[in-house]
Amino acid sequence: MGGPFLLGEAFLLGLASGPACVASCGPVVVPSLLAEGAGWRLNARYLTSFLGTRFLGYLLFAAIAWELGVLVSPAPAARIWIYGGIHVLLGVTLLWYARSIGRSCTHACAGSGLVSIGRVGKRSVSGAAVLGLLTGVSLCPPFVAAGLRAAQLGSIAAALLFFAVFFVATTLWFVPFVGFGCIRRNVSVIFVARMAMVLVALYYLLAGIALLAGRRVYG
Amino acid sequence: MADAVCAGFAGKTSPRTWSRALLLTLPIALWSLFMAMRGLLQPDRSLQVASGVTAAFMIVLFFMMMKTSSTYRWRRWFFVALGVLFPIEFIHNVMVLRGSMGIPIEEMIAGRTPFCFLPIPLLILPAALTRTLVFPGSILPRGGMSGGGMAAMAGLWLAVTLVVGKGWCSYACFFGGIEEGMAALPKKAKWKKLDPRYRLLPWAVLLAMVLLSLALFEPAYCMWLCPFKAVSEYVAARNTVGLVQNGIFVVLFAALVIVLPLLTKKRTQCTFLCPFGAFQSIFNKTSVFDIKIDRTVCSPCVLCQKSCPTMSLSDESIKKGETLMSCMKCGACVDACPKGAAVWHIRGTQVAVKPERARLMFLYAAWAMAAMFGGSIITQGLATILQRVI
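Those sequence lines, one after another, are chains A and B. Residue 41 in the numbering used here sits at position 41 of the first sequence; the count goes up by one each step and never skips. Residue 1157 in the numbering used here sits at position 157 of the second sequence; the count goes up by one each step and never skips.
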């Protein structure tokens, strides 16, 4: 299949899958973005950071999976470990993030950056980046759809390009979230968002532990 | 102005005469009897008795509201009766139908569960994006126990909500009565200092549950957080996760519906958890009725603040002469205010001018709904008890 057709297919697939991506990442993105209590510019930075590391997660997963040839159908046991592990990591990160927001001076000190949840060497790690990476490597339905198609391509370069275009198209659906900047530094909104993060984190932790323990959620 | 003239203070009205109170009760009496007709015409003796008792109960309570000009304490009798009798009738029904309060997940997916209003806010986004209802109840006429109840429930909710706003939570919700009853038991609160920030918690629950419901395509609140599963219907536990879910329901029910109301004299589940309540608060902005504080007669005794069962009055809101968005229009603050500064109000009119007329108009709407909706539940609950006892 020709290049332009392939790119067009990736773009349309991304565009069509966008709402599912937003729904899938919503419990992570919306509360954390609101909890930042930031303005338009900082929200754009948050989304750039989140989506950038999400893209990195996509590419990492695609590259490894292409090499292993098991992109979308890893063994059930492995899939459960991936799902469960990522759920637990998301839960822990969200809890840490919610705690860090309480300690951060982001909202008191005008003009500061995104909320940091730790340091690597001299560089602080933003919560948005970690959440982006974790959501990038999780097996959400649109990701699986793109993975299926990418797995059929002849080379790793084509697979990565397919993913890149797919990603750009899904990203368009996240742009409206920059609009949260209109409610910046609202103490009530930040409190509500932090508490929502804690609830979402507890859900991910519970679901992740249940998966790792080999239990089905519900019944 | 006649209301104010016969009162010692601006918004406080003196008790009415018997004849005037009876006259004002007449429309509600006719409506209550009309509502009772369905049961009275049934051959089932217990249903006949229950219908008659319920109609009398609703009429007497409304009459007392008219006679004494007090709202909260009379409404509370109705609300507690509704809260107590709903689980009795519901549990009896599911025990007869299934022999257990636990519903197997297959039954839920098949839509054999009655529709509940609590997940309404969780259904909107999935329905808007995918035209699919994620609530595990059927909307088809013969699709299970719920039948076409969902459409009726949603329609009724919308109509009522547009008029009374969050008054739904004080006159229609069949869950809040248990905690209101618990809160009424102690004479004084043991825990008086509650962090006012925590009244924002329902918004956090709403946000988290709406997002999770969209992501997981299920009513996350019903699956994980609803305390009233403990007294209605829960997913039958077949493994550890199921036990954890049911454990959460029981712990939340015990803490927020039983223990904390006893300690705080507040409706703690409504104040700190209920996502539907938070959602319903939005409609307080569309409702024509609200409660205002007349700043010209208010001495900041904060009795209204102390009496509010949902912490819907803050120092700042009193200074502004209004309640917070979470006000459930139960009337506790109006009854508690010794100077009549807390008054019922119709939007677009002057504050404290004919507040009793505003109260009457609100009560006619709210009590008509209560007699129709809560009245039928009370009747069914009473009939169930009568059938079992007699």
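Simulated from the structure, these hints should not be mistaken for laboratory data. A couple of the hints might just be wrong.
What the hints assert, rightly or not - Interface residues of chain A toward chain B, partial, derived using beta-carbon atoms under 7 Å:
1) L15
2) P19
3) A196
As the list claims (entries may be wrong) - Here are the computed lysine to any residue pairs in the SDA-like style, where the Cα-Cα straight-line distance is at most 25 Å:
4) K1192/B with R184/A
5) K1285/B with N186/A
6) K1320/B with R185/A
7) K1320/B with F191/A
8) K1285/B with R184/A
All values reported here derive from a predicted model rather than from experimental measurement. Just so you know, even glycine gets a beta-carbon here, dropped at the ideal spot from N, CA and C.
Does L15/A hold up as a contact with chain B if the rule is Cβ-Cβ below 7 Å?
Violated, about 15 Å.
Quickly compare the C-alpha distance for K1192/B and R184/A to 25 Å and report which way the hint goes.
32 Å, violated
Tell me if the straight-line CA distance from K1285/B to R184/A falls inside 25 Å.
23 Å, holds
Has the given pair, K1320/B with R185/A, been kept, meaning a C-alpha gap of at most 25 Å?
The hint holds at about 22 Å.
Next pair to validate is K1320/B with F191/A; report whether the Cα-Cα distance is within 25 Å.
23 Å, holds
Does N186/A lie within 25 Å of K1285/B when you go C-alpha to C-alpha?
Distance of about 20 Å is within 25 Å: holds.
Interface restraint verdict for P19/A against chain B (beta-carbon cut-off 7 Å):
OK, holds: P19/A within 7 Å of chain B, min 6 Å.
Is the hint on A196/A kept, meaning its closest Cβ partner in chain B is under 7 Å away?
4 Å, holds
Checked against the numbered hints above, the structure violates hints 1, 4; every other hint is satisfied.
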